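Chains as they are written, first to last, in the numbering used here: chain D, 1 to 287; chain G, 1001 to 1807.
It is possible that some hints are incorrect.
Claimed, not checked - Covered stretches of chain G (chain D as the covering partner; in silico rule of three or more C-beta atoms under 8 Å from a C-beta of chain D):
id : stretch
1  : 1166–1178
2  : 1190–1201
3  : 1216–1224
As the list claims (entries may be wrong) - Lysine to aspartate or glutamate pairs mimicking EDC-like chemistry, simulated, CA-CA at most 20 Å apart:
id : chain 1 : residue 1 : chain 2 : residue 2
4  : G       : K1153     : D       : D274
5  : D       : K65       : G       : E1319
6  : G       : K1357     : G       : E1319
Keep in mind the hints are simulated off the structure, nothing from the lab.
This one's a predicted model, so the numbers in the text were calculated from it and none came from an experiment.
Glycine included, C-beta positions come from ideal geometry on N, C-alpha and C.
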Amino acid sequence: MSERRSTHQETLTIRRILVAVDASRDSRAALRAAVQMASRFHAQLEGLYVEDLNVLRAAQIPFAKEFGHYTGDRRLINPNAIERDMRARVRIMRRLFHMLTEQESIEGSFHVARGMVSSEIRTAATEADVLIVGRMGWAQTDVERMGGAVESACADTAPRVTAVLREGAVLAPPVVAVYDGTGKGGKVLRVGAALVDEMSGPLQILLLPVPEQSDESLKGRANACLQPTPVMRQYRKLTSLQLPWLVHMLRDTGAGTLVLPGNAEVLQEGRISDLLARIDIPVLLVR
Amino acid sequence: MIEQDLRLKVDQLYRHARLSAISFETTNDLEELNEVIGQPRAVDAIEFGTGIKNGGFNIYALGPTGLDKRGLIHRSFEVQAREGERPPDWCYVHNFTQEHRPKAIRFPAGMGSAFRKSMEELVEQLRTALPAAFESEEYQSRRQSVTEDFRDKQSEAFNVLQQQALEENMALIRTPSGIAVAPTREGEVLAPDDIQNLSEEEQARVQQKVEDLQSELQRILQQVPGWQREMRAGLEELNRQMASLAVGSLIDELRRKYSEFEMVVEHLNAVQEDVVNNAEQFLPQPESGAPQMMQAMQQEQQDQALRRYAVNLLVDNTETEGAPVIYEDNPTYQNLIGRIEHRAQMGALMTDFMLIKPGALHLANGGYLVLDVRKLLTQPYAWEALKRSLMSRDIKVEPLGRQLSLISTVSLDPEPIPMEVKVALVGSRMIYYLLWQHDPEFAELFKVAADFDEQMDRNDGNQELYARLIASLVRREKLKPFNREAVARVIERSSRMVGDSEKLSTRMREITDLLLEADYWSKQSGNGVVTAEDVQRAVGSRIHRMDRMRERVHEAILRETLLISTEGAVVGQINGLSVMALGDTMFGRPTRITARTQLGKGQVVDIEREVELGGPLHSKGVLIMIGFLTGRYAENHPLSLSASLVFEQSYGGVDGDSASSAELYALLSSIAEVPIKQSFAVTGSINQQGEVQAIGGVNDKIEGFFDICNARGLTGEQAVLIPHANVKHLMLRQDVVEAVDKGQFHIYAVSNIDQGIELLTGMRAGEADAQGHFPEDTVNGKVQQRLAAMAERWRSFARSAEEGVSE
């Protein structure tokens, strides 16, 4: 344990991480990232599989039919098959959860809940410092940009830090933190610094344009927020808060992980969910 | 008197090389000989065959080995090739429409390698230009636009549906393997009990709504594959556009550079099309997380894919001057027409156009090819492949296995390359005549026969040329100079090689070997120049090395295991002479021939033939002898004798008619009961007129008998009878010549049987009078009397037999 890490832990305490999984490929990526984070922050990891009550109920409606994703074929829904399938997914994810946690020697537990996805995740996340979900977890259709789990991640009642990952994504440098000059922005910088401390390279800070605030002034406030953290930092200025510009800047910097304020106001146009849909890197939302 | 007339003089036994017309001390003083000597017919044929350009006028150089046929052909071709045009380069490139059929492209000499380099550079440029194009912001944003369009289209359709569902308290639910529509209340799907609790009307209404939404859902889902196809088509079109932009300028440059080559421009167009369609092969492989071996395999596959744009420079004539002259010393099927190699890949044998390798016909295309016909014919299918190429005038690389249907793996069928090659086959006469007789295509394809002679006339002019030839060989082999006497000795030895004092050998290999050996012995002796003694030692040592068999035979004679008498006189017994040939050495050996006669029906039993040891020529000689006997002595009465002839202690086959005169002498001696001097040995064939005809190996035969006599001690009585027609062939060993000179040994040249029998018996042969009667005290007279007596006895036997029957 380095001395610097202990410094960060004073400002970023992560003791419990909740990862919500549904056996989708995105949620497997979320599980791996959660294990990675739990290992770095020595946090307790809790896995949650929610058996979607809506699906179970739909299967029991006598006149409901199922349509193949790709074929469009109409067929009857077999409630027993749905149950069997859910149990199989639980087994798979439980096995994966335990395998990964044992590999990293992490304290963890895996739970299964049956109910409405959003409410079950929200309930489970009340005690968590970090919520991690797969972007397409509990998606209703293949063409959706994200699943129902993201709703929980973006909710106001979500934990202080939530992370959204998609298939193949891992927490990787360079870490880019978006700073808007607010107190929440300071938290974003400290979360970013904590991640950088565990990885390599500088913390790249994107300064959002703030009315009546000079760049130097913003930079000074950002530095103050990071004190006494000796993390290397690079500043870049975002000329517009429009979503396409942010996406372009992230691609231009080759960002590996994005940390930004979890409030929707960070963007002038569009929602956080739009941003999540447009980029493939892990996104950490800080409230 | 006759003895003196027929005895040969010393100067008839050996013809010395008088080089008085040439002034030189050593070969250093002689001019280089740049012309071919002794082969005017072959040279004319080769010049004709080389010059004529029409198809089928290929050359077959026929003759025994050692005549330097290949060297002469090669030099003639080289002279012609120097003035010839440099042939084109040939390349194979990938055929983008028929992958199994690589295209052949012709370039002026030297441009093939330039094109190959151009294509290598193009691929390298594409490796950077295409990734740059596909990583560009423009591409990324356009690609995103295409995919977003697709996503938007889907999202919009589903959003509308979801919105409609929401308004009607319905929801789209994702099941493990599909999507369903379910009624909801406050965002939650109704439980089955809740539905049961609804009124029937309400249930029906809900069910109808569900079914309506389901129908709409199905309609959307069925549209999705079409949208996906549209998206893929859009992405492919975008990729094509970007690749075209990146590739176009690079390939345009090459098109301009090679604009005069239509096939190259066509190929470049095909390359552009292929690169545009497969641009992803130039892009860096994404980190797949696959095992290292798999990544290496992926890289290998990518490299293999890029080989399509490479150029297989099959024939590169950049460094060639004039037309090529190729000698293929291992003319296998593949070495002639080229081959298609394979490489192992994941346990399978793979090939492509880059693995096509040229054969001798490719390398000689536009020039000349020299082949050894025996090697060619012993290689399976090589002869047929050569003929096929010459007939069709193109070179088709075809795996032998496929031609024979032995293998059925996918292979290549490269475009044939037009061929213009002058082929010269070098081989024996026998093979030439066999091919001519049995292969109808041979006469069509090899119309020029260059018949090499083993010998040439020995006259003053040719002796001078021969001396210059020796000088040239000495220089070529970097030997010590030969002095005048050594040169003369080589010329004399050359005559002996062909067994004719009026001819010279044209077997350059043997002459060169003699020079090399003489040079060796000269060095051993420490001589500054090679002398006649060195040459003689070379000759002697060569004979000695191969002399074991001769020594064994002569030893057996001297130890009287083989009975040969060299003194005294015996009735019906004579020394015949035969030649044994073993490899490249020959030696003569005397053989005792005996004849026995008795009363009979005019039969002469050739014992050799009876036991099947005599060949047809030998039998012919015996029959001629009967013809002579009958014609001369039994004109008026039947030939009433029975005679048997045998080669004593002969345990192998006997053939040839060179002993027929000896057999006749033995028979005459037996009939006349006149003894033959055993100090004589005889060779020569006869005809029915009693004339003695020329035979082969006369020198070896004389020397063979001389060696026996010499070992036993020369008496001055020993001699050899040879046909007069063979005098010109005499090139005898020096010790034989010296013995004759001292009167210790003699050689007689006879023209007919009468001369011979007189020498052998010391009795006059006798001439017939007008009535055909020979004088009684002559050999012929005694033969005539004996035969007449036998006839009379035979008649009396016949009468007694008839009377006995009538009684």
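| request: List in ascending order the numbers of the hints, as given earlier, that are violated by the structure. | output: Of the numbered hints, just 5 does not hold.
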